[in-house]
Amino acid sequence: MTGLTAALDPALAAGVPLSVGEVVDLFTSPTEFASVFVEGLAKASLYLMIASGLTLIFGLMDVINFAHGAFTMYGAYIAGTAVLALGVGSMGLVGSVATFLLILVGVFVLLAVLGVVFEVALIRRLYEYPPIYMILLTFGVSITMEELMRMLVDYYNVNSGREAIDWSIPRDETIPESLDGTFNLLGVSIGGLHPFQILLGILTVAGIWYFLNETRYGLFVRAGVEDDEMARALGININRTFTVVFAIGSGLAGAAGVMLMWSPLWRVNVPLALGVLLPAFVIVIVGGLGSFKGTVVASLLVGMLDALATWAFRVEVVTFTDIDQLLIFAILVVMLILQPRGLFGVEGQGDHG
Amino acid sequence: MTLLELDDVHTYYGQSHILQGVDLSVEEGEVVALLGRNGVGKTTTFRSILQLTPPRQGSIQFKGEELVGKDTYEVADAGIGWIPEDRRMFSRLSVEENVRASVPGDASEAEALELAYETFPILGERADQRAGDLSGGQQQMLAIARGLVGGNDLLLVDEPSEGLAPKIVTDVGEALLAASESLPILLVEQKLGLALDLADRFYVMDHGTIVDSGKTSEVSVDDERLRRYLSA
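Protein chains in written order, with our numbering: chain A, 1299 to 1651; chain B, 2 to 233.
By construction, these hints were calculated from the structure, which means they are not laboratory data. Predicted, not measured: the structure shown is a model, and the values here were computed from it. You can trust all of the hints, since none of them are fake.
Lysine to aspartate or glutamate pairs mimicking EDC-like chemistry, simulated, CA-CA at most 20 Å apart:
| hint | chain 1 | residue 1 | chain 2 | residue 2 |
| --- | --- | --- | --- | --- |
| 1 | A | 1591 | B | 98 |
| 2 | B | 71 | B | 8 |
| 3 | B | 71 | A | 1527 |
Which residues of chain A face chain B? A partial, calculated answer using Cβ under 7 Å:
| hint | residue |
| --- | --- |
| 4 | 1517 |
| 5 | 1520 |
| 6 | 1521 |
| 7 | 1528 |
| 8 | 1530 |
| 9 | 1532 |
| 10 | 1535 |
Chain B is nowhere near these chain A residues, computed Cβ spacing over 12 Å in every case:
| hint | residue |
| --- | --- |
| 11 | 1384 |
| 12 | 1388 |
| 13 | 1395 |
| 14 | 1500 |
| 15 | 1572 |
Just so you know, even glycine gets a beta-carbon here, dropped at the ideal spot from N, CA and C.
Generate coordinates for the entire structure from the input sequences, incorporating the hints supplied.
Structure, rendered in structure tokens:
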């Protein structure tokens, strides 16, 4: 292939060595392609966990929760502390994964309770006001939560005096070795964490789908998303439904933080709050504001493209390190030009269909 | 026994004084028509009763209980059903889900669905369709069905014939007549003939107050007594 390209245009072939050939290799090599595909699914699962709480809360309550990322960051720190305190690093694979899942559930519950306090004490007071008040409130809470965590990190010297803000110890010391490396399945190279992340992503989708479509509260949520005034007039206590949804959304944000703790690309650190907020917003907007189906599809889209970009960087088709970030925002820009209300957005309303 | 009693109700939209001292009552077992031109405050009266637009002054008693100050869902739980002007389906929910969303927490969903489909068989046939895909007449039936299964003791019915073909209006009228056998109704209806057919008593509203009232047997469609407040 390279020879053919060189024959056609020697200058181009010399300038971009191997690039065309590598791209063709990806799509002609099933194992390479499968490997990128699995990585895409794993990334999509993480994106889904980050964005799903945000989309649930926005869909029903029209609250743009800028503190969402801070909840994720707190989830990561709580999980990291628990992992260290329980000595997960010295457990075997089964023990450490089981403990990890217990911590995941515990963090979900803790952050859900924090979400209830946040909603009842602060958010609820501003429903009647223009959205800018809610944006300022949640943004303020986010900054407060970030600075509080920064103070705690400094006080307990978790960075061991290093300048780096990255609190990387839990990952390096606590992840089971079998999950840290890669393994081979039918000749396909797969990251140890990927099946684990995909499984939890599927569980998240199934859980939210079940809540929305098979439970009475889910029915109330979908009714309230369409017409909250009519829902009230039919006897639905929308305020309590709001609180339940805010609790679930906050719990999901925290659970996402637990997942990110072991992911080498994210890990536990204070800037995680802002770091997850940006892709979460992009996914919610691309999927269509408030649409859970849209969030799932947008997560898959962004996850797959992210995996492709990572692959392109790895095989040196591109050498620009922030290619994945660039790509995420390119998707946003293209979507806003082609279809501003997103893939599954409904004019003026959220949609949990 | 008096079921619903409004006493000197004043309601505002912002600075606009819409209801300027409304007094009316609905007794057990009767259908009461609320008549008047567009914009005199009929729908606002319903919104005030439901606490969707809470009155700033006055009292609204239902079964002897004060409604002013309650939340809308509590008014619904107390037993007041609303069949609003534009029907307000949850259009992306199925017909069945629309009915289920209207069932009070302690009641059986299966019984509610049975009652709804028995009253309007067409709804049973379309149970899994999105409510938004129903025709106008079918949506009105679904709106009435939601009121019927809501465990209500009073229905507030706003413009049920609006935008429907004459044949469908007859069906809807019959459905309301059947409903009124078991449920008292406070009805807003522009078609005077239909309103007088269904109701036992009437109130006439003008400029946010009640200006006339009486038994429907005392008046006819062409009566000057009604015409002066109803014609444009």
